[in-house]
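Engineer: Now for the letters of each chain:
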Amino acid sequence: MIAFDELLSRLGGLDRTELQHWVENRWVLPEQHGDAWLFHEVDVARVELILEIRHEYAIDDEALPLVLGLLDQVYGLRRQLRRLCDALAAQPPEVQDAVRRTLPPKDDKSRFN
Amino acid sequence: MATQTQTPYQILGVKPDASADEIRKAYRKLAKQLHPDLNPGKPEAEARFKSVTAAYDLLSDPEKRARYDRGEIDESGAERPRYSYRPHAEGAEGWKYQPQGEMDLGDLEDLFAAFGSGARGRRGPGGAGSGQGFRARGGDRSYAMTIDFTEAANGAKKRLSLAPDQWLDVTIPAGLEDGQVLRLKGKGGPGFGGDEPGDALIEVHVAPHPLFRRDGDDIRIELPVSLAEAVLGARVTVPTVTGLVTMTIPKGSDTGTVLRLRGKGIQRRRNPGDEYVTLKVAIGPGNDAELAEFIEKWAPWHPFDPRQGMSSV
Numbered sequence: 000m001i002a003f004d005e006l007l008s009r010l011g012g013l014d015r016t017e018l019q020h021w022v023e024n025r026w027v028l029p030e031q032h033g034d035a036w037l038f039h040e041v042d043v044a045r046v047e048l049i050l051e052i053r054h055e056y057a058i059d060d061e062a063l064p065l066v067l068g069l070l071d072q073v074y075g076l077r078r079q080l081r082r083l084c085d086a087l088a089a090q091p092p093e094v095q096d097a098v099r100r101t102l103p104p105k106d107d108k109s110r111f112n
Numbered sequence: 000m001a002t003q004t005q006t007p008y009q010i011l012g013v014k015p016d017a018s019a020d021e022i023r024k025a026y027r028k029l030a031k032q033l034h035p036d037l038n039p040g041k042p043e044a045e046a047r048f049k050s051v052t053a054a055y056d057l058l059s060d061p062e063k064r065a066r067y068d069r070g071e072i073d074e075s076g077a078e079r080p081r082y083s084y085r086p087h088a089e090g091a092e093g094w095k096y097q098p099q100g101e102m103d104l105g106d107l108e109d110l111f112a113a114f115g116s117g118a119r120g121r122r123g124p125g126g127a128g129s130g131q132g133f134r135a136r137g138g139d140r141s142y143a144m145t146i147d148f149t150e151a152a153n154g155a156k157k158r159l160s161l162a163p164d165q166w167l168d169v170t171i172p173a174g175l176e177d178g179q180v181l182r183l184k185g186k187g188g189p190g191f192g193g194d195e196p197g198d199a200l201i202e203v204h205v206a207p208h209p210l211f212r213r214d215g216d217d218i219r220i221e222l223p224v225s226l227a228e229a230v231l232g233a234r235v236t237v238p239t240v241t242g243l244v245t246m247t248i249p250k251g252s253d254t255g256t257v258l259r260l261r262g263k264g265i266q267r268r269r270n271p272g273d274e275y276v277t278l279k280v281a282i283g284p285g286n287d288a289e290l291a292e293f294i295e296k297w298a299p300w301h302p303f304d305p306r307q308g309m310s311s312v
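Residue numbers (numbering that gives the first Met the number 0), protein chains in the order written: chain A, 0 to 112; chain B, 0 to 312.
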């Protein structure tokens, strides 16, 4: 967990007002501790992500929430899929086999027309 | 982006989509111009020759060139370190950033609904006849928060924000230990098929305090006192986790004297801890002529060696 200034000095090319703006827009959700913000590991990684999206892919402030929103949805779905896989893994072997047998092959288009 | 080191394409003077043949021709041309044997005593040409050779090494190998184009390796062929957001997004604290409500377990429910009545998986209580296909308890969710030392000592009510317009009210019990995990029943992910929700697991960190130190249910603090207060006794104000209190310093106290403030430690409802105050005599701004004069007369009549026990070492 690190404070605002520490984060600024750790990540070059990040400016103070910019980071403030991200937090105010709730693109990054640091922990509020008194008057200070505390950035957890996940928040630091998210700041790096936004930094990359903004600067390297030149996504502007208008499009950024859309990009973040989509990314968050993908990660949400991956989480749900993993939960489903965990639930399947906890089933008896015969149930797992049955699921495996009935899983349509990747190139099976019959379900989607 | 600021001007950086040249790309291998720039070094050879070819376009990024140049064919292998074009690259080979460009290299041969430059190599002839710059070869050290043809440019004796020109270190600049030699340096360029080296970079041209390195660029050709990279681009003439189709596999290396492809990896360079994908950004996996840099000009020197070294792996580019890549940070990744994914492990964080999918890690214990990643929940914070996941859309809640419109995109949550509903999706999994849709998935199960797509299995339709043909689902012959595990069925929960209610059985096949209920029309409910699949039931599962919601998942537990992990969060982390930091509280003040005094909040941990007294207990507190805190609000943990999870996402815009979403929060959890957390009751911190007095005496919570750093790193303790609180479980909020039913505050995790919703269950499906009418099953119960999971729990929220909150790992709570206690920020260290500049004055207080915890010792079980007791709190320890070091209190500076003046020479006069130690020798003559005094009433002084002492910080405790519940606020300032007045304490009597007995006449003839010394550095290391420990005084107890009963019930001023961790505020457990039954048997709260105590605060132990260790005195530390501070003589005050140095070079007090009057004090020196007095000690000069006083010391010879009161011999005292505070290092007596150390002489045997």
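Hints were generated in silico from the structure; no laboratory data involved.
Every residue gets a Cβ at the ideal spot worked out from N, C-alpha and C, and that includes glycine.
Among the clues, some could well be false.
[As the list claims (entries may be wrong)] Derived DEER-like restraints, expressed as beta-carbon distance ranges: (1) B/K63 - A/A62: 31 to 39 Å; (2) A/H32 - B/P98: 21 to 29 Å; (3) A/L7 - B/K156: 26 to 34 Å; (4) B/D216 - A/A62: 16 to 24 Å; (5) A/E5 - B/I282: 34 to 42 Å; (6) B/G255 - A/F3: 36 to 44 Å.
[Stated by the list, open to error] Going by beta-carbon spacing under 10 Å, a handful of chain A positions derived as facing chain B: (7) F3; (8) T16; (9) E30; (10) D42; (11) V66.
[What the hints assert, rightly or not] Mimicking SDA-like on lysine to any residue, the simulated pairs with C-alpha atoms at most 20 Å apart in a straight line are: (12) B/K186 - B/R136; (13) B/K31 - B/E43; (14) B/K156 - A/Q31; (15) B/K157 - A/G33; (16) B/K156 - A/W36; (17) B/K31 - B/E21.
Engineer: Now look at each hint and say whether the structure bears it out.
Structural biologist: Structure-based check of all given hints:
At about 34 Å, the CB distance of B/K63 to A/A62 agrees with the hint of 31 to 39 Å. Distance hint check: the CB atoms of A/H32 and B/P98 are about 25 Å apart, consistent with the given range 21 to 29 Å. At about 32 Å, the CB distance of A/L7 to B/K156 agrees with the hint of 26 to 34 Å. Range check, B/D216 to A/A62: about 54 Å between beta-carbon atoms, so the 16 to 24 Å window is missed.
Between A/E5 and B/I282 the Cβ separation comes to about 38 Å, which falls inside the hinted range of 34 to 42 Å. The hinted window of 36 to 44 Å between B/G255 and A/F3 holds, with their beta carbons roughly 41 Å apart. Because the closest C-beta pair between A/F3 and chain B is about 14 Å apart, greater than 10 Å, the hint is violated. This hint is violated: A/T16 has a C-beta 21 Å from the nearest C-beta of chain B, more than the 10 Å allowed.
A distance limit of 10 Å between C-beta atoms decides the matter here; for A/E30 the minimum to chain B is near 6 Å, and the interface restraint holds. Taking 10 Å as the C-beta contact cut-off toward chain B, the hint placing A/D42 at the interface holds, the least distance being around 8 Å. The closest approach between the C-beta of A/V66 and any C-beta of chain B is roughly 12 Å, which is over the 10 Å cut-off, so the hint fails. The suggested pairing of B/K186 with B/R136 holds, with an alpha-carbon distance near 12 Å, which does not exceed 20 Å.
At most 20 Å may separate the alpha-carbon atoms for a hinted pair to count; B/K31 and B/E43 meet this at roughly 15 Å. A C-alpha spacing of about 15 Å is found between B/K156 and A/Q31, which places the hinted pair at or below 20 Å, so the restraint holds. Note on B/K157 and A/G33: the hinted pairing holds, with a Cα-Cα distance of about 11 Å set against a maximum of 20 Å. Using a Cα cut-off of 20 Å, the hinted pair B/K156 and A/W36 holds, with the two alpha carbons roughly 19 Å apart.
Taking the CA atoms of B/K31 and B/E21, the gap is near 16 Å; set against the 20 Å cutoff, the hint holds.
The earlier numbered hints that this structure contradicts are 4, 7, 8 and 11.
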